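Given chain A, put chain B in place with the hints provided.
Each protein sequence line maps, in turn, to chains A and B. Per numbering that gives the first Met the number 0, the first sequence starts with residue 0, numbered consecutively. Per numbering that gives the first Met the number 0, the second sequence starts with residue 0, numbered consecutively.
Possibly wrong hints are sitting among the right ones.
[Unchecked claim] Simulated DEER-style distance windows between Cβ atoms:
| hint | chain 1 | residue 1 | chain 2 | residue 2 | range |
| --- | --- | --- | --- | --- | --- |
| 1 | A | T28 | B | F178 | 20 to 28 angstroms |
| 2 | B | R274 | A | I27 | 33 to 41 angstroms |
| 3 | A | L45 | B | K259 | 50 to 58 angstroms |
[Claimed, not checked] Derived lysine to any residue pairs resembling SDA-like cross-links, with alpha carbons at most 20 angstroms apart:
| hint | chain 1 | residue 1 | chain 2 | residue 2 |
| --- | --- | --- | --- | --- |
| 4 | B | K313 | A | A260 |
| 5 | B | K282 | B | L135 |
| 6 | A | K257 | B | Y146 |
| 7 | A | K257 | B | G258 |
| 8 | B | K150 | A | L259 |
| 9 | A | K257 | B | I356 |
| 10 | B | K150 | A | R23 |
| 11 | B | K313 | A | L111 |
| 12 | A | K257 | B | S180 |
| 13 | A | K257 | A | F83 |
| 14 | B | K150 | A | L21 |
| 15 | A | K187 | A | M103 |
| 16 | B | K150 | B | G258 |
| 17 | B | K259 | B | L135 |
| 18 | B | K150 | A | F83 |
| 19 | A | K257 | B | V188 |
| 20 | A | K212 | A | A195 |
| 21 | A | K257 | B | K259 |
| 22 | B | K282 | B | E311 |
| 23 | A | K257 | B | D149 |
| 24 | A | K257 | B | S321 |
| 25 | A | K257 | B | A325 |
| 26 | B | K278 | B | G293 |
| 27 | B | K150 | A | K257 |
| 28 | B | K282 | B | L298 |
| 29 | A | K257 | B | D260 |
| 30 | A | K257 | B | R266 |
| 31 | B | K313 | A | R23 |
| 32 | B | K313 | A | K187 |
| 33 | A | K187 | A | F83 |
| 34 | B | K282 | B | A353 |
| 35 | B | K259 | B | Y146 |
| 36 | B | K150 | B | P139 |
| 37 | B | K28 | B | L47 |
| 38 | B | K282 | B | S180 |
For the record, the hints were derived by calculation from the structure and aren't laboratory data. Please read all numbers here as calculations on a predicted model, not as lab measurements. Heads up, the beta-carbon is just placed ideally off N, CA and C, and yes, glycines get one too.
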Amino acid sequence: MAKQSLIGRLPVISHLNKSVGLQRGMLITGLVLSGLFILTAIFGPLIAPYSFNQIGDANGNFPAQAAPGGTHLWGTTVGGYDVFSRVVWGAQTALEVIVVAVIMSIFIGVALGLLSGYLGGWLDRILVVVADAIYAFPTLLLAIVMSIVISRGQSSLWGGIFSAAISITVVFIPQYFRVIRAETIRLKAEPFVESAKVVGASNLRIMSRHIYKNATRTLPLIFTLNASEAIQTLAALGFLGFGIEPTSAAEWGFDLNKALADATAGIWWTGIFPGAAIALTVLGLTLVGESMNDLNDPRLRGRRRAGSAQKPGAQKGGPAVQAPQPAADAEARNQA
Amino acid sequence: MTTLIEAPPTDADGLMPQKTTKSGGGLGKYILVRFLLIFPTILILVTLVFFLMRITGDPITAALGGRLPAEQLQQRIHDAGYDRPVLVQYFEYLGQVFTGNFGRTISDDRPVTEVLTTYGVATLELVINSLVIALLIGIPLGLVAAYRRDKWQDAVLRLFAILSYATPVFFTGLLFKLFFSTALGWFPVAGRANVSTELELQGLSAPTGIYWLDALRSGNFPAFGDVVSHSVLPALALGLITGGIFLRLVRTNVIGTLGKDYVEAGRSRGVSEYRLVTKHAYKPALIPVITVMGLQIALLLGGAVLTETTFEWKGLGLALASYLQARDFVAVQGIVVLLAVIVAVSNFIVDIVAALIDPRVRY
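Here chain A stands alone, though its shape is the one from the complex (with noise of 0.2 angstroms):
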């Protein structure tokens, strides 16, 4: 195996290495719209004109459904919002919610999985029985319930970013639950685990040592596709009006709800700006995800052909190199 250096290992990068023509190319796009939607988020309060919720400046209260142009880059709402404020602004409550929607079922579902998966028993049938019922309950629906639940629909700014990254936490939490459950199974039975129980090894080491690091080599790819799904579940969530009120926070599904009134009167501005926000950062992240996928899937994965193995790329090691790829980078990591 050539040698590689940390950086190389990362996981993005790491896929970046490996992608050619087609692929690279929705990588980087992906990259691209991901890092922008990061960015906005980070550094909307200098970017954004005005303020979420500010209707009036020095001048006077804006104008109400102002076409885009002049002081109003994208126009204003009925309420006399700045549509170009409340979208850079809804790129930070987007933010929040899936990172701390995220981070909140990784650390649960990992955990329950670990748990499960390694321990077996009656545990393991109830908590497999109950994901199962949680899985195939629609998504949305639970969302709801779970949001009814946590704030009776309605909130203040942190109020209705955590009650939406609850919602969607509940939502996510089998699925991560699913699939450190099944690596941790397979790995219960591979001779290191057992080598290690001989040492003498406790349950909790075994499972926080050996298992853990083991099995969540998948998760960055089911970050990034639960990352899209998260912002879909928030945008949905405010476009049924059970998000965040418009004077705590801006957010884009709250705003195309109310824009869907204008769309009769043939008021564009007000729709499409938040809608193509949503769009664009679900598509980036899908686009990541989506080609992360692909590349750890050797029979998915575009090869370079014969015939451009001149190009610089290639040299590292031509064809041969992709097909043990998956068990290699396991490998790879054991070792680090």
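Below, chain B alone, put in the same frame as chain A:
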């Protein structure tokens, strides 16, 4: 070159459901086990929804709190039995649900069962329409993408599939409304049919509630045209999402089967690549589509909630949204439970169909 890579069929993203039955045996036993598994699933969902909804209080305070004087509120809570222990209420509710009685809504005092049947058919109509569109989009385009693998057609189609999945259905709906209804005026903005058509169709004897079916049965062709023109945009918006998923699935599977030995054998005999796709690789690749079609029911129902709100389609989703606004949690609970049951039953049907098609599934 293609035979070099012999990867075992792994569940790469790990999201497919795992079969938990370990028992061997025949098809009959498999069906029985699957059938029996429906009940714990439904029980867990009903229990989950019931207790989650009760954690924060009783439905009457939620719906009417602040609008009625305190004594009157107490009286109504007492009359409805919400002041009894939660466990007693839970078992009573279970018994009622078992006999098909979901209680009465609080905001407009209708039997929940009636709400479910009235709006349920409308949602059914929307879901059927979108499923048809999804198949019409997904299968042919998926074949094209597989046939032109890694060419520009493939790139365009894959991008289309991802875009159709990435765009929330309510945004697609909004774009359709802006473009096809407001700007071009081709299709109506919202609703299931014009008011006059609706009255005509509801006046029929023994209506099915599925409008186009009713219009066809009564030979009312203007009404049929009206219903169809109302159906196009919602069905397209919802169908695009699932269609994109089918497209990707067909593509991946056809590419998978194209690498199989028997296809390779055909190729070496000089069978054209076109014929290989349409005759050899096509049918085996459709089996997973059937399985996934069932799994999409959950997604379609979730999407239907949003599509109905976007297009004011009077189905379960729109009803759910308006009962949510009214904080009528008895009605919400009924709708959620019904949808959960539909999902559980359709998953069962899918498992059976998959087992009938592919004997290897029954382990």
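The hints, checked one at a time:
no. : hint                                    : result
1   : T28(A) with F178(B): 20 to 28 angstroms : 25 angstroms, holds
2   : R274(B) with I27(A): 33 to 41 angstroms : 36 angstroms, holds
3   : L45(A) with K259(B): 50 to 58 angstroms : 56 angstroms, holds
4   : K313(B) with A260(A)                    : 17 angstroms, holds
5   : K282(B) with L135(B)                    : 16 angstroms, holds
6   : K257(A) with Y146(B)                    : 43 angstroms, violated
7   : K257(A) with G258(B)                    : 50 angstroms, violated
8   : K150(B) with L259(A)                    : 39 angstroms, violated
9   : K257(A) with I356(B)                    : 47 angstroms, violated
10  : K150(B) with R23(A)                     : 14 angstroms, holds
11  : K313(B) with L111(A)                    : 41 angstroms, violated
12  : K257(A) with S180(B)                    : 18 angstroms, holds
13  : K257(A) with F83(A)                     : 15 angstroms, holds
14  : K150(B) with L21(A)                     : 9 angstroms, holds
15  : K187(A) with M103(A)                    : 25 angstroms, violated
16  : K150(B) with G258(B)                    : 18 angstroms, holds
17  : K259(B) with L135(B)                    : 26 angstroms, violated
18  : K150(B) with F83(A)                     : 38 angstroms, violated
19  : K257(A) with V188(B)                    : 16 angstroms, holds
20  : K212(A) with A195(A)                    : 14 angstroms, holds
21  : K257(A) with K259(B)                    : 52 angstroms, violated
22  : K282(B) with E311(B)                    : 39 angstroms, violated
23  : K257(A) with D149(B)                    : 41 angstroms, violated
24  : K257(A) with S321(B)                    : 15 angstroms, holds
25  : K257(A) with A325(B)                    : 18 angstroms, holds
26  : K278(B) with G293(B)                    : 25 angstroms, violated
27  : K150(B) with K257(A)                    : 41 angstroms, violated
28  : K282(B) with L298(B)                    : 25 angstroms, violated
29  : K257(A) with D260(B)                    : 56 angstroms, violated
30  : K257(A) with R266(B)                    : 57 angstroms, violated
31  : K313(B) with R23(A)                     : 45 angstroms, violated
32  : K313(B) with K187(A)                    : 52 angstroms, violated
33  : K187(A) with F83(A)                     : 53 angstroms, violated
34  : K282(B) with A353(B)                    : 14 angstroms, holds
35  : K259(B) with Y146(B)                    : 15 angstroms, holds
36  : K150(B) with P139(B)                    : 17 angstroms, holds
37  : K28(B) with L47(B)                      : 29 angstroms, violated
38  : K282(B) with S180(B)                    : 39 angstroms, violated
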